[in-house]
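Chains as they are written, first to last, in our numbering: chain V, 1 to 533; chain G, 534 to 846.
Heads up, a few of these hints could be off.
Claimed, not checked - If the Cβ cut is set under 10 Å, some of the chain G residues that face chain V in the computed set are:
# : residue
1 : D609
2 : S613
3 : Y700
4 : S792
Hints are computed from structural coordinates only; laboratory data are not their basis.
All residues carry an ideal CB built from backbone N, CA and C; glycine is no exception.
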Amino acid sequence: MDRRHFLKAAAAAGALAGTAGLAAPALAQGTAARTLRFVPQANLANFDPIWGTQYVVRNASVLVWDTLYGLNAELQPQRQMVEGEEISDDGKTWTFRLREGLRFHDGEPVRAQDCVASLNRWMVRDGMGQMLRAIQEELVAVDDRTFRWRLRQPYPKMLLALGKTNTPMAFMMPERLARTDPFQQITEYVGSGPMRFLRNEWVPGARAVFARFENYVPRGEPASWLAGGKRVTIDRLEWIIMPDPATASAALQSGEVDWWETPLTDLVPQLRRNRNIQVDIADPLGNIGSFRFNHLHPPFNDVRARRAVAMALNQEDYMRAVVGDDRNLWQTSASFFTPGTPLYTEEGGDILKGPRDIEGARRLLREAGYDGQPITVLVAQDQAPLKAMGEVTDALLRSIGMTVDFVATDWGTVGQRRASKAPPGQGGWHVFHTWHAGADCTNPATQIQIRANGDGAWFGWPKDEAVEAARDKWFEAPDLEAEKAAVAEMNRALFNHVTYAPTGFYKTYQAWRRNVSGVIGAPIPFFWGIAKT
Amino acid sequence: MLAYVVRRILATIPVMAVVALFVFSLLYIAPGDPAAVIAGDQATPEDVERIRASLGLDRPFLVRFGEWVIRILQGDLGVSIFTNLPVTTMIAQRIEPTLSLMVLTLILAVVVAIPMGVLAAWKQGTWIDRGVMAFAVLGFSVPVFVVGYLLAYVFALELEWLPVQGYTSFSAGFWPWLENLILPAVALGSVYIALIARITRATMLEVLSQDYIRTARAKGASQGSILFLHALKNAAVPIVTVIGIGIALLIGGAVVTESVFAIPGLGRLTVDAILRRDYPVIQGVVLLFSFIYVLVNLAIDLVYTLFDPRIRY
């Protein structure tokens, strides 16, 4: 072979290889475009949304299990699996009729009996469900598509209970699964939602995979959060668990993943510099930080000690520690309710506003009889926002003359220790931090943390009749105006009692590659309406 | 020899029993509550208590330990509190990436570190020796995760030669398997290379000063033959010992490396289980690691006989 022939042969081989090279990515691109790779906020360690109530389980569950009603972007419950409902004149009997053609992933039709069993399981574990259970007379299937719920008294918030986003949501499962004890896990993951869970590809801690459910019947209306037509255009959704934020950031930049739910705020500037990546607010309803008191033991069993802390507490300090200086991400908020939502109020919240009164706080503490005993603050070091809040609290309590026993531990230990009613020196606690999803703080029904019914209340066991009375008023409120009045009264009562101290309202970012469209800001990452090119 | 191997394998039984008792007791007294993690933030204390009871965590220590031991003796490591999957299934899902990473790291370390150590000893006091020692100090001093991030930044993000994260099974092909493991193996291997290179150099220096080496030189043996046949073989026992001890380093390092490179291996499984207090998984994985460590040490003891015929069992 001479030089000319060699060059010709090489050029031909190159062209062939080039053609093959062009053809291959087209096929690969088609497959890749139908697969979305998503990095969720946490590991999907279990998959029973009634048994385990972590948000990541809920977020995966909305793909697999459908709900009777779904909350839309205006926070209004809309019909989802339900075709229609009838309410008796006395408001005590609700009759629900299911849409036609609904099927589970195993091909079986969705029947009213499935819904009855699912509601029975859900009611045991959910706060609003427990209220319904307490006034329930009968919940029965009338025929395959109709079921009736008879109550002893009206429950105006019925549709909210069935469509709310806070955990556990009222997901509909096949009867055989829904009959599982609510305190035991289900063993199959069959739903009627827009995607199927591919159990054989599930590696907890590493990967969870979902495939489009071909027989899903979406509603005709446009999708709006959990309401409307949930039209899924991707074939396959891979949740890739990445505990390390730097790795997730690098994987997004290199195109190995398409969408990252919770980028670390510190890494956002780097992501913004990449022209292939878009960054925006993940959830407009954000989160409310919480400084939780133990109301059982001195000094915080005295409202003056709690007020002293609130007088000195500077939300700006907390927010800068949690999310930094980016003002798009946080605001101060003298409220237990989510800013920007219909019931939001700052009524009675003056104690958190204006210049902080450190001297006044010290005085009030002395009046409350604080004698210098160490204040046990539980700080989960493995949760960045809680670690940050704990460090601000340490400085805050010292500034008003308190001695701090800073217990640096992990969330698993905080979860156990906060349940202890023992005195702080004997395994109990004085203070811990957490945050509450703003979506759960839009009304009093979905906030267990603002209950003040003593032993029945959330950790810290606050007790205050004014708070509970205002809550009851909200449940009975016939219209939005009455609801607003009740919530204003409740906010005032909560600040009077200092049930807990809100440390500010903050949001987080999400980031995705620009070849992905349809990403919206919402309390849950929704995959209907998402397309990838 | 066979009798020795059988004796050593039998000796692992009390070792494993002590490990089992230690792990179970440690987890029992350690703070934390899986029921609280499962129940989530919205749960009431009563919900948490019912979940704890349903998981059997409210029963006395001896009852739980006795049941666990009986199951272990039947080859059953139990079921994960969280995933509801058998622990053996979870380990089976995760063992391939970890073993792949450890084996590749081991090969890389031995192939790189031993020649480095031999070279440093041979060229003692030169810039080559100083260079190898400087590398060894760096390898020891820089944490694995820092090396990992640097490698990922340079070779994955900037040069785009290798993927940032993940693992592809060997069954999907050799190159897809290897390309995911190169950066993690280099990151994890950095400490191990440093350790083996240092010990190889030190041992070789001692051996190279022996009379029989001088005799070999006097007989006109080539430099390669002196270094690798006469000296290295006699220096091998301490080097092999360090390689064996270093397996523990690898196991510890795998935890960090798997997190940095998002490899779904046993290291990450262990960390996740500890953070959630998934007791059956923690116990199962720790028992497995202990068993592997005991077996590796047995293998190392047997390998001694290949290098030193004076050693007899």
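Against the structure, the hints:
1. D609: Violated. Min distance 18 Å.
2. S613: Holds: closest Cβ of chain V sits about 8 Å from S613/G, inside 10 Å.
3. Y700: holds (8 Å)
4. S792: holds (5 Å)
Hint compliance for this structure: hint 1 is the single one not met.
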